[in-house]
Amino acid sequence: MPDNHEYIKYHPRWHRTPIPVFWWIQKWVYIKFILRELTSIAVMSFALVLLFHVRALIQGPQAYSDLTELLSTPISLILHSIALISLLYHSITWFSLAPKALTVRIGKWRIPDQLIIGMNMLAWIFISFVIGWLMVTM
Amino acid sequence: MRRHIEPFWWALFSSGGTLAAFFLPVLIFIMGIAIPLGWIESPGYEKLFALVSNLHIRVFLFSLISLSLFHWAHRFRFTLYDGLQLKHLNRLIAVLCYGSAITGTLMTGYILIIFSSH
Numbered sequence: 001m002p003d004n005h006e007y008i009k010y011h012p013r014w015h016r017t018p019i020p021v022f023w024w025i026q027k028w029v030y031i032k033f034i035l036r037e038l039t040s041i042a043v044m045s046f047a048l049v050l051l052f053h054v055r056a057l058i059q060g061p062q063a064y065s066d067l068t069e070l071l072s073t074p075i076s077l078i079l080h081s082i083a084l085i086s087l088l089y090h091s092i093t094w095f096s097l098a099p100k101a102l103t104v105r106i107g108k109w110r111i112p113d114q115l116i117i118g119m120n121m122l123a124w125i126f127i128s129f130v131i132g133w134l135m136v137t138m
Numbered sequence: 139m140r141r142h143i144e145p146f147w148w149a150l151f152s153s154g155g156t157l158a159a160f161f162l163p164v165l166i167f168i169m170g171i172a173i174p175l176g177w178i179e180s181p182g183y184e185k186l187f188a189l190v191s192n193l194h195i196r197v198f199l200f201s202l203i204s205l206s207l208f209h210w211a212h213r214f215r216f217t218l219y220d221g222l223q224l225k226h227l228n229r230l231i232a233v234l235c236y237g238s239a240i241t242g243t244l245m246t247g248y249i250l251i252i253f254s255s256h
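Sequences listed follow chains A and B, in order.
Be aware that the first sequence starts at 1, since it is given in the working numbering, and climbs by one per residue.
Be aware that the second sequence starts at 139, since it is given in the working numbering, and climbs by one per residue.
For the record, the hints were derived by calculation from the structure and aren't laboratory data.
Glycine residues also receive a C-beta, built at the ideal position from the N, C-alpha and C atoms.
Some clues are possibly wrong.
To be verified - Some chain A residues close to chain B (C-beta under 8 Å, calculated; not the full set): (1) V21; (2) L50; (3) L67; (4) T103; (5) I106.
As the list claims (entries may be wrong) - Calculated lysine to any residue pairs in the SDA-like style (CA-CA distance at most 20 Å, straight line): (6) A/K32 / B/G237; (7) B/K225 / A/F22; (8) A/K100 / B/E144; (9) A/K100 / B/L224; (10) B/K185 / A/L67; (11) B/K225 / B/L165; (12) B/K185 / A/Q62; (13) A/K27 / B/Y219; (14) A/K100 / B/G237; (15) B/K185 / A/M138; (16) A/K32 / A/L84; (17) A/K32 / B/K185; (18) B/K185 / A/K100; (19) B/K185 / A/F22; (20) B/K225 / B/T241; (21) B/K185 / A/T68.
Stated by the list, open to error - Partial selection, computed: residues in chain B whose CB lies under 7 Å from chain A: (22) G155; (23) L157; (24) H226; (25) L227; (26) L230.
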């Protein structure tokens, strides 16, 4: 290497096209991706609502009937309906991706993706009916 | 955020997502819509209190609530990074998301423990 070799002092900046904040609005698949990620807000909110139910049970019958009253207001019903739709979207997308996270093999035979999705969906429907039935007959 | 802790957050995200997918839709439909609208009769205070007094039910509720919070924390963190292009706030966002989930978990644990002494 010649003596007069010099290192380039500054790294050349790569050209990057700036990505707009609302990049995901340009295509339906991107919007669906963002909607799927936003279902986590419904998951978190309803987890906290469950916690409020438990807290009201501790505080006594009066607190619980206050909560019951709050739950039958239109605003609560609207929010719960939006959250229900989000949670259904979460479940459907979650089970559809399940085969990507886990591959099950029996011997050399790999269980097909559609079968894994189908079994998850069936288990989901079964669990929902059992819980529903238990709540109705309690 | 150190690299080797990522699989830990992912495991919490993943188990929370699975529990939420199986259990939350039916619970929100019954507790938030069907009972308030009178489609299903509420079991009433006494029976619900007896239900949550069961240790198995409380352990289940703790897992469901806590892991749902961690599911949100992990997913929401990446939604903020990618959706709103906030990669430079990496550390702050991670601390806020996981910190909220940890706080929520402690609150859940506290409420379910004092339930047993009632």
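Verification of the hints:
no., hint, verdict
1, V21, "holds, 6 Å"
2, L50, "holds, 6 Å"
3, L67, "violated, 10 Å"
4, T103, "violated, 15 Å"
5, I106, "violated, 21 Å"
6, A/K32 / B/G237, "violated, 28 Å"
7, B/K225 / A/F22, "holds, 15 Å"
8, A/K100 / B/E144, "holds, 19 Å"
9, A/K100 / B/L224, "violated, 27 Å"
10, B/K185 / A/L67, "holds, 16 Å"
11, B/K225 / B/L165, "violated, 35 Å"
12, B/K185 / A/Q62, "holds, 15 Å"
13, A/K27 / B/Y219, "holds, 19 Å"
14, A/K100 / B/G237, "violated, 29 Å"
15, B/K185 / A/M138, "holds, 8 Å"
16, A/K32 / A/L84, "holds, 17 Å"
17, A/K32 / B/K185, "violated, 41 Å"
18, B/K185 / A/K100, "violated, 41 Å"
19, B/K185 / A/F22, "violated, 49 Å"
20, B/K225 / B/T241, "violated, 24 Å"
21, B/K185 / A/T68, "holds, 15 Å"
22, G155, "holds, 5 Å"
23, L157, "violated, 10 Å"
24, H226, "violated, 13 Å"
25, L227, "violated, 13 Å"
26, L230, "violated, 18 Å"
When held up to the earlier numbered hints, the structure conflicts with 3, 4, 5, 6, 9, 11, 14, 17, 18, 19, 20, 23, 24, 25 and 26 and fits the remainder.
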